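Here the protein sequences line up with chains L and R, keeping their order.
For the first sequence, numbering that gives the first Met the number 0 begins at 0 and goes up steadily by one.
For the second sequence, numbering that gives the first Met the number 0 begins at 0 and goes up steadily by one.
There are no misleading hints in this set.
Any copy will do: because identical chains look the same in the list, a pair fits if it lies in one copy or spans two.
With a straight-line Cα cutoff of 27 Å, these simulated BS3-like cross-link-like pairs (lysine-lysine) come out:
id	residue 1	residue 2
1	Lys141	Lys11
2	Lys34	Lys19
3	Lys34	Lys11
4	Lys79	Lys141
5	Lys79	Lys20
6	Lys34	Lys79
7	Lys141	Lys20
8	Lys79	Lys19
It is worth saying that the hints were derived from the structure and are not from the lab.
Every value quoted in this text rests on a predicted model; they were computed, and no experiment measured them.
One letter stands for each residue in the lines below.
Protein chains: 2
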Amino acid sequence: MVIVSRQNPLVKELASLREKKGRRARGAFLVEGTKMVREAFAAGMNVLRVAVREDYAGEDFPAPAVVLGAGAFAAVSDEKTPQGIVAEVALPSARLRPPAGNCLFLDGLQDPSNVGAIVRTAVAAGYGELYLADCADPFSPKSVRASMSGVFFARLMQGTREELLSLIGVPLIAADMGGEDVFSFTPPAQFCLAVGSEGSGLTQAVRGRADFTVRIPMDARTESLNAAVSAGVLMYALKAQTHLRR
Amino acid sequence: MVIVSRQNPLVKELASLREKKGRRARGAFLVEGTKMVREAFAAGMNVLRVAVREDYAGEDFPAPAVVLGAGAFAAVSDEKTPQGIVAEVALPSARLRPPAGNCLFLDGLQDPSNVGAIVRTAVAAGYGELYLADCADPFSPKSVRASMSGVFFARLMQGTREELLSLIGVPLIAADMGGEDVFSFTPPAQFCLAVGSEGSGLTQAVRGRADFTVRIPMDARTESLNAAVSAGVLMYALKAQTHLRR
Numbered sequence: 000m001v002i003v004s005r006q007n008p009l010v011k012e013l014a015s016l017r018e019k020k021g022r023r024a025r026g027a028f029l030v031e032g033t034k035m036v037r038e039a040f041a042a043g044m045n046v047l048r049v050a051v052r053e054d055y056a057g058e059d060f061p062a063p064a065v066v067l068g069a070g071a072f073a074a075v076s077d078e079k080t081p082q083g084i085v086a087e088v089a090l091p092s093a094r095l096r097p098p099a100g101n102c103l104f105l106d107g108l109q110d111p112s113n114v115g116a117i118v119r120t121a122v123a124a125g126y127g128e129l130y131l132a133d134c135a136d137p138f139s140p141k142s143v144r145a146s147m148s149g150v151f152f153a154r155l156m157q158g159t160r161e162e163l164l165s166l167i168g169v170p171l172i173a174a175d176m177g178g179e180d181v182f183s184f185t186p187p188a189q190f191c192l193a194v195g196s197e198g199s200g201l202t203q204a205v206r207g208r209a210d211f212t213v214r215i216p217m218d219a220r221t222e223s224l225n226a227a228v229s230a231g232v233l234m235y236a237l238k239a240q241t242h243l244r245r
Numbered sequence: 000m001v002i003v004s005r006q007n008p009l010v011k012e013l014a015s016l017r018e019k020k021g022r023r024a025r026g027a028f029l030v031e032g033t034k035m036v037r038e039a040f041a042a043g044m045n046v047l048r049v050a051v052r053e054d055y056a057g058e059d060f061p062a063p064a065v066v067l068g069a070g071a072f073a074a075v076s077d078e079k080t081p082q083g084i085v086a087e088v089a090l091p092s093a094r095l096r097p098p099a100g101n102c103l104f105l106d107g108l109q110d111p112s113n114v115g116a117i118v119r120t121a122v123a124a125g126y127g128e129l130y131l132a133d134c135a136d137p138f139s140p141k142s143v144r145a146s147m148s149g150v151f152f153a154r155l156m157q158g159t160r161e162e163l164l165s166l167i168g169v170p171l172i173a174a175d176m177g178g179e180d181v182f183s184f185t186p187p188a189q190f191c192l193a194v195g196s197e198g199s200g201l202t203q204a205v206r207g208r209a210d211f212t213v214r215i216p217m218d219a220r221t222e223s224l225n226a227a228v229s230a231g232v233l234m235y236a237l238k239a240q241t242h243l244r245r
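All chains, please: the whole structure from these sequences, using the hints.
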C-alpha cells in the first residue's frame with residue numbers, strides 16, 4: 000500500500016523528526032539515503048522503521064517498511080535531491096557520564112553542519128565522547144548528514160555548561176587565540192578539549208575552568224578558522240603530541 | 000536615486016556575478032556583508048562599486064555607490080538574510096606561475112563551501128598559493144563567504160591538471176588513504192600538498208605525479224573526513240613536521 004497523504008499520521012510522525020521537539024517526543028531521529036541507512040544497520044543502531052518513496056529501487060533492509068507517494072515522501076525528507084529512502088532510528092543513550100578517554104567539549108556551536116563535521120572528525124581522531132553545551136542538536140538531519148556515520152559511533156551528551164563541566168574530571172584544554180601554540184604544547188595523558196563557536200569563541204564559564212589554553216598558529220591576516228576545521232586541527236595536533244610524548 | 004527595477008542594466012550586471020560566466024565576462028566578483036566589504040578595502044582589493052539596499056544603515060565606503068530597492072537588491076544578493084550591502088570587486092590576477100613557497104593543489108573539489116573553507120585555512124597556515132584543477136570556482140558567492148577574507152590574500156590559479164602539474168616544480172605530497180601516517184612523515188623543505196574530493200579522492204593523473212603519499216590516521220569505523228577538515232589537518236601537520244625538522 001502506498002501512502003499518498005501528507006496528513007497520514009505516519010507521515011506526520013516521520014516529518015516531525017526534522018524538528019528537535021519531534022525527535023525528543025518520539026525518542027528517534029531521521030537517517031537519510033541508502034548509504035547512511037546501510038551504515039545505521041551495520042553499526043547496530045535500533046532502526047525502528049524504513050520509509051521509501053514508491054519509485055525507490057535500491058536495496059532492501061530488515062526493518063518494517065512503509066511506501067510513500069512522492070508528495071508524502073517530500074514532506075519527510077530533508078535532502079534537496081532525495082534518494083528516496085529514510086529510516087527512523089532510536090536515539091542512542093545520552094545518559095551523562097564522565098569521559099573514559101579523551102573527549103571533546105563543544106561550547107555554543109550553533110551551525111548544525113559544523114557540529115556534524117566535528118562529530119565525524121571526533122570519531123575518526125579518537126574523541127568519541129562529546130559534551131555539547133548550548134549547541135545545535137547533533138541529531139538534526141543536517142548534522143546527521145555532515146557527521147556521515149559519526150552519530151552512530153559517538154557518545155553525544157547534551158546538557159548545561161555547569162552540569163557537563165562538573166562531570167568532566169580530567170584536565171580541560173581550551174582553544175583560545177591567546178593560548179600556547181598547540182604544536183609545541185605537551186598535553187596531559189588524559190584531557191578534554193573545549194572548543195567554542197566561530198563567532199564568539201569560548202564562554203567565560205568554560206574559559207574559567209580551563210587548565211590549559213592552546214591556539215592554532217595563524218597568519219596575521221587571518222582572524223579565525225572554520226569551527227570544524229579548527230576543531231579537527233586541534234584534535235589531531237593534541238593526539239599527535241600525546242603520542243610523541245610517550 | 001533608488002533603482003527599483005530588476006531589469007535595470009546595473010542590477011543585471013551585479014546579479015550576473017552570481018554565475019561564473021558573469022564573473023568572467025566582467026572580470027569581477029561579488030563580496031557581501033559589511034565585514035567582508037570592509038576587509039576587501041583593508042586588503043587593498045580593487046573595489047569597483049558598492050551597492051546598498053535603500054534601508055542599509057551601516058558604514059560608508061570610499062567607492063562609487065548605488066542604492067537599490069529591496070526587490071532589486073534581492074536579485075543581486077546571495078545571502079539568506081542579507082545585511083543590505085554588496086561590493087563588486089575586480090578579480091585578482093590569476094596568471095599561472097610556479098609556487099614561491101609551500102602550496103596546495105586541489106583536485107576536483109566541487110563543493111564551493113569546502114573550497115572556500117580550504118582557501119581560508121590555506122592563508123592561515125601559510126599555503127597562500129593554490130592550484131585548482133576542475134574545482135568549484137573560488138570566486139562564487141558561497142566560496143567567497145566561506146573563505147572569509149581568504150580570497151583577498153590567496154593566489155588562486157585555475158587550469159587543467161596537466162598545465163598546473165607541469166608548472167609546480169616542487170615535490171608533490173598526495174593525500175591518500177594508502178599513504179604514510181602524516182604525523183610521522185618528514186616533508187621536504189618545499190612541497191606542494193595535493194588533496195582530492197571527498198567522494199573520489201585524487202585522480203590518477205595527480206596520484207601518478209606524487210613524490211610522496213600521506214594519510215591522516217583514522218578510527219577503523221571512519222571512511223573519510225570532511226574535505227575542508229582533512230585539508231586543514233594535513234596542511235597544519237606538514238607545517239608542524241617541517242618546523243620540527245629544522
